[in-house]
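There are 2 protein chains.
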Amino acid sequence: MVDCVVIGTGAAGVSAALTLNALKVNFLWIGNKDLSIKIRSAEKIKNFPGLHNVSGEDMKDVFLRQAQSEGIEITDGKVNGVYPTDGGYSILCGKDVYETKTLILATGVEAVKPVSGETEFLGRGVSYCAVCDGFLYKNKKIAVAIESEEELEEVKLLAQYADTVHLICIKKRVECNLDNVIVEDGRLTQIKGDMRVKSVVCGDREINVDGVFILKQAIAADSLVHGLKASGGRIEVDRSGATNLSGIFAAGDCTGRPYQYAKAVGEGNVCAYSVNAYLNSLK
Amino acid sequence: MVDCVVIGTGAAGVSAALTLNALKVNFLWIGNKDLSIKIRSAEKIKNFPGLHNVSGEDMKDVFLRQAQSEGIEITDGKVNGVYPTDGGYSILCGKDVYETKTLILATGVEAVKPVSGETEFLGRGVSYCAVCDGFLYKNKKIAVAIESEEELEEVKLLAQYADTVHLICIKKRVECNLDNVIVEDGRLTQIKGDMRVKSVVCGDREINVDGVFILKQAIAADSLVHGLKASGGRIEVDRSGATNLSGIFAAGDCTGRPYQYAKAVGEGNVCAYSVNAYLNSLK
Chain P
636 MVDCVVIGTG
646 AAGVSAALTL
656 NALKVNFLWI
666 GNKDLSIKIR
676 SAEKIKNFPG
686 LHNVSGEDMK
696 DVFLRQAQSE
706 GIEITDGKVN
716 GVYPTDGGYS
726 ILCGKDVYET
736 KTLILATGVE
746 AVKPVSGETE
756 FLGRGVSYCA
766 VCDGFLYKNK
776 KIAVAIESEE
786 ELEEVKLLAQ
796 YADTVHLICI
806 KKRVECNLDN
816 VIVEDGRLTQ
826 IKGDMRVKSV
836 VCGDREINVD
846 GVFILKQAIA
856 ADSLVHGLKA
866 SGGRIEVDRS
876 GATNLSGIFA
886 AGDCTGRPYQ
896 YAKAVGEGNV
906 CAYSVNAYLN
916 SLK
Chain B
636 MVDCVVIGTG
646 AAGVSAALTL
656 NALKVNFLWI
666 GNKDLSIKIR
676 SAEKIKNFPG
686 LHNVSGEDMK
696 DVFLRQAQSE
706 GIEITDGKVN
716 GVYPTDGGYS
726 ILCGKDVYET
736 KTLILATGVE
746 AVKPVSGETE
756 FLGRGVSYCA
766 VCDGFLYKNK
776 KIAVAIESEE
786 ELEEVKLLAQ
796 YADTVHLICI
806 KKRVECNLDN
816 VIVEDGRLTQ
826 IKGDMRVKSV
836 VCGDREINVD
846 GVFILKQAIA
856 ADSLVHGLKA
866 SGGRIEVDRS
876 GATNLSGIFA
886 AGDCTGRPYQ
896 YAKAVGEGNV
906 CAYSVNAYLN
916 SLK
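Going down the list, the protein sequences come from chains P and B. The numbering used here numbers the first residue of the first sequence as 636 and each following residue consecutively. The numbering used here numbers the first residue of the second sequence as 636 and each following residue consecutively.
One chain only, chain P, in its complex shape (with noise of 0.2 angstroms):
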């Protein structure tokens, strides 16, 4: 068991990282292993002090120099799900399960709206994790609706699995020349069921499926973690950082505007102190 885990290699995720470090906490950090795509994303940043006129393709480069000379390491995945345990919480992370006594989330923030239905579903048809649930669908009919190339790893090993793949771009047309991958035109709108999932509805057609797979870079925090306070997608939590569940902090975009990275810097910071004044309250 860690005493920390870092979920988000955003600004707020570096932030949280390096004070951590600093502090001599034992944590474990997951992530992209390049940071999070919206760092490199940005054209240009004025008003973040320390760096002046950078593209976020340079932040990103000095941040992680920084966190490698600091020795600090970034575990690569995804956290498919956020459990409360005995004393703490378990971390599902593709197939690997975690366990810490605390958590910063620093997840960032969803571009894209969940879709009707999503929430409802999960578990019930909808999964955010190939590695995890393919084996559940061999032989069956499912939709997978991804946001970019990063993502066609995980269809084609859903396709190995599944009979037929409907796969759904949620931004712009991804190719996929795979027999059994039909690239569907339109946009993903509604997941549609009663028990469990039964169709989809993508642009004007509904199609049946066994269940929807959606691939996203970020998840929304809220969906992660069961009973955590938000409003309207952003986690609610005090000045220190800390969230309506105990242990359980959250710092950055994650936890509203303004999404600005000096912004996430700071409450990273704070909720690395947090934790460790958290952890020590524990002793």
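One copy or two, either will do: identical chains are not told apart, so a pair holds if it fits within one copy or between any two.
Capping the alpha-carbon separation at 25 angstroms, the derived lysine-lysine pairs in DSS-like fashion look like this:
| hint | residue 1 | residue 2 |
| --- | --- | --- |
| 1 | Lys791 | Lys833 |
| 2 | Lys659 | Lys679 |
| 3 | Lys659 | Lys681 |
| 4 | Lys851 | Lys791 |
| 5 | Lys748 | Lys807 |
| 6 | Lys730 | Lys851 |
| 7 | Lys773 | Lys827 |
The set of hints was computed from the structure by calculation and includes no laboratory data.
Please arrange chain B on chain P, whose structure you already have, making use of the hints.
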């Protein structure tokens, strides 16, 4: 009248200024032209995202260059008081008065607690400003408490007015070879009087004086602004940086722990956004 005044040139002030500038808010930034002494004095900073293993001196250079290249100027001066006016606040800064709609306090945290009697006799014999109040003590006896050699210019000014200056050093001993300046041993521990100041206690001696000047780099923000809600010297703010007073926001060490550059930078950024929203709400 400007839209915003930022008081303080530490990390929080730098961040607030950069973001106000980016938001095109018309603001004035008051502090030390060479940024706050506290930034400069840090030995090595390991956990500030973007600047790895920098000294305070290096960080100061980077911040200062960044502000300059954005064309942001610092109004060199110390603020002696903040007073409510119609539609905003008057900022007393030496002999100058600035009118503003909003205020960001980024005044840092005082290492030195106020002396017994300091707050009680403020304006009744206790002054923070040699330039504003020196003339009141023509041919009188005064005590002047200073933090460092940086205040010697003000001591010399006071010595031109006063009959005798008892110079009390708050930190290490500072020499002054003017005929009417007596450098006292011992610390300033108490200010006594009834309607007005009558004496100071310095070490084990009581010295009769007509007034006391306390010349420090930072003044506790809750002494500056009457009615500002603070506890233990820390200004109370919500997550937007808002204080209990309309239009006054606070960021950085003056809002409490952790005393960290990243936290200060985050809060300065958030305050700038809050000021912008507040100004828009006035339109």
